[in-house]
Amino acid sequence: MKIAEILQEQCIVADIKGKTKREIITELVEALAKARLIEDVEAVVNVVMDREKLGSTGIGNGVAVPHGKLKNIKNIMCALGRSQSGVDFDAVDRSPVHIFFLVLAPEDSASLHLKVLSRITKILRDQSLRKKVIKLTTVHDIYTSILEEDEKI
134 MKIAEILQEQ CIVADIKGKT KREIITELVE ALAKARLIED VEAVVNVVMD
184 REKLGSTGIG NGVAVPHGKL KNIKNIMCAL GRSQSGVDFD AVDRSPVHIF
234 FLVLAPEDSA SLHLKVLSRI TKILRDQSLR KKVIKLTTVH DIYTSILEED
284 EKI
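Under the working numbering, the first residue of the sequence shown is numbered 134, with each subsequent residue one higher.
If a hint is listed, it holds; no wrong ones were tucked in.
Now the in silico label distances, taken between C-beta atoms and shown as ranges:
#  : residue 1 : residue 2 : range
1  : Thr254    : Gly219    : 15 to 21 angstroms
2  : Ala176    : Ile267    : 28 to 34 angstroms
3  : Asn205    : Ser278    : 29 to 35 angstroms
4  : Asp221    : Lys135    : 30 to 36 angstroms
5  : Ala176    : Lys285    : 32 to 38 angstroms
6  : Asp259    : Ser218    : 17 to 23 angstroms
7  : Glu142    : Lys255    : 19 to 25 angstroms
8  : Glu138    : Lys167    : 18 to 24 angstroms
9  : Asn208    : Thr153    : 25 to 31 angstroms
10 : Ile267    : Met134    : 24 to 30 angstroms
Quick list of in silico lysine-lysine cross-link-like pairs, DSS-like style, CA-CA up to 25 angstroms:
#  : residue 1 : residue 2
11 : Lys255    : Lys202
12 : Lys167    : Lys152
13 : Lys135    : Lys255
14 : Lys248    : Lys135
15 : Lys285    : Lys265
16 : Lys167    : Lys135
17 : Lys248    : Lys204
18 : Lys268    : Lys152
19 : Lys150    : Lys167
20 : Lys207    : Lys248
21 : Lys167    : Lys202
22 : Lys202    : Lys186
23 : Lys264    : Lys135
24 : Lys135    : Lys285
25 : Lys268    : Lys135
26 : Lys186    : Lys152
27 : Lys204    : Lys135
28 : Lys150    : Lys264
In case anyone wonders, no lab produced these hints; they're calculated from the structure. A virtual CB, placed ideally from N, CA and C, is assigned to each residue, including glycine.
Sequences and hints are given; from them, build the entire structure.
Put into structure tokens, the structure is as follows:
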């Protein structure tokens, strides 16, 4: 599955304002709500926060991939957020997180859910892409950079 199939340009937040996990996750979920992909922001935030309680999704190198499974969605969907200054997200390497890739999946999609998480991790493993995404100034540029990197995999 390509990232273009699950990430819409309008679901990118180029300047995350939140400073806590809940605030950041809420901003990303609100982007999905604004795109009319989800309805109940608070319920979705709670699902993702419950997942965070199991262990931080801050995977290191300035990246976090918060995620959750929902009963009432049919397709995997994503939102992407970027903080140029970085935020403490309790990452495994204790470094500030700059790139947040929220993934929501249907409750019965374990295999596909894991494949998407793996793909995102592979894309964001590239240090030059991470640096580029942090510096880019527009949503469109962030979106196209992620899709271009996805095409290389």
